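Take a look at the letters that make up each chain.
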Amino acid sequence: MTHRFENHDLVTERAPQMIDVTDDVLDVVARSEVQNGMVLVYSPHTTCAVVINELEDGFADDFAELLDELAPVKGRYYRHDDLDVRTQGIEEDTADFPNGHSHVRAGLLSSSSQTVPVVDGRLMLGPWQRIFFCELDRSRRRKVFIQVIGE
Amino acid sequence: MTHRFENHDLVTERAPQMIDVTDDVLDVVARSEVQNGMVLVYSPHTTCAVVINELEDGFADDFAELLDELAPVKGRYYRHDDLDVRTQGIEEDTADFPNGHSHVRAGLLSSSSQTVPVVDGRLMLGPWQRIFFCELDRSRRRKVFIQVIGE
Amino acid sequence: MTHRFENHDLVTERAPQMIDVTDDVLDVVARSEVQNGMVLVYSPHTTCAVVINELEDGFADDFAELLDELAPVKGRYYRHDDLDVRTQGIEEDTADFPNGHSHVRAGLLSSSSQTVPVVDGRLMLGPWQRIFFCELDRSRRRKVFIQVIGE
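Chains as they are written, first to last, in our numbering: chain A, 98 to 248; chain B, 98 to 248; chain C, 98 to 248.
You may find that some hints are simply not true.
Pairs count within a copy or across copies, as identical chains cannot be separated in the list.
[What the hints assert, rightly or not] Here are the computed lysine to any residue pairs in the SDA-like style, where the Cα-Cα straight-line distance is at most 20 Å:
no., residue 1, residue 2
1, K171, N133
2, K240, M221
3, K240, R227
4, K240, D154
These are calculated hints, taken from the structure and not from any lab test. Model, not experiment: these values are computed from the prediction.
Please work from the sequences and hints to get the whole structure.
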């Protein structure tokens, strides 16, 4: 079995923001030299998601709008935000930025990762598919893990 | 490592439609001769999902109803549909059929694939679980990728 | 390729309930002796999910509240519940407990499993991430499958 693991660092700018990481994934698949196997694209964060969809601003804005309706930043009470205030500056670097809405959004998507087949060295995305790292909190330093296993 | 990859073609009839592909998956697992590993059931489309749930018409209709409430076909504005009109007949075969709602629904489910363990040659679905290819757009020609890796 | 599969039994107490199974996953990864590969945490149930998020009561309650708004137990009609009444005591052990809401919630999350990378023998969760078995129905006996593949 062949295995390759890479961490790619990101800096997000806002939320929701969908950052196209498809080229990163293609690079890791190429470097892995795996012909047949799977690639796992994994977010090690609790207020992000990995999503596959079309690269199109209209969709990104439509999706942001729906998330904001379902779990708005303002005008909805999040118990998690009380914790953020309690632990201010101590336990969590988000203390000054209540982010209860982003935990709930991450829960609703429940997509810490996406897995895509690799066949004959090719990433088997459909013609319109791109892989996005989805920031749900605010501008932050982030990591995306890209792992290929196969042979 | 043993690897088997198959594409199965589908023609969907409507949306939302949940097509039970469990027997396809069982067939590919059997043909792979993998005893221990995983099967990845992957949709290469941006307006579909792969979902595991019970095969039961009442559930399918309940689920369709909720999706229609959250991201209705009519009565909600999707920026993506403007693009569809702009690119009519040129860039996307969906040009005549604005499908912003289906992109947003796919985003909300964020389930381009499902992965199920294979143990002793057996697909480890629970007794009530079936694997569905979920059409979120309209009647279209579709593909579902079924990949087994293991030994 | 090395492979390890374990079933861990759970008894849930209520719904929604998020049971932290991270230590179970860490134990199986250690016993597998896999250095590089993936762990699949899989729910073989149609009214549960596997979710990765922060271990924090406020979040758990916020998430429960949103699920209850989107697919409430009471005050919404589920076609699936008619089936439950029709098959009472015969086909499904949930017959006395209409659970249409929990099927719809499971559909919305569409997270029968989560996959996490294993690198140098280490489970690559982020610092705030924990893996939860999420009960969406009621107190029930449940299983969670934990499978490691790699080498």
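Each hint tested on the structure:
no.: 1; hint: K171 to N133; in the structure: neither (46 Å within a copy, 43 Å between copies)
no.: 2; hint: K240 to M221; in the structure: between (23 Å within a copy, 12 Å between copies)
no.: 3; hint: K240 to R227; in the structure: both (18 Å within a copy, 17 Å between copies)
no.: 4; hint: K240 to D154; in the structure: neither (23 Å within a copy, 26 Å between copies)
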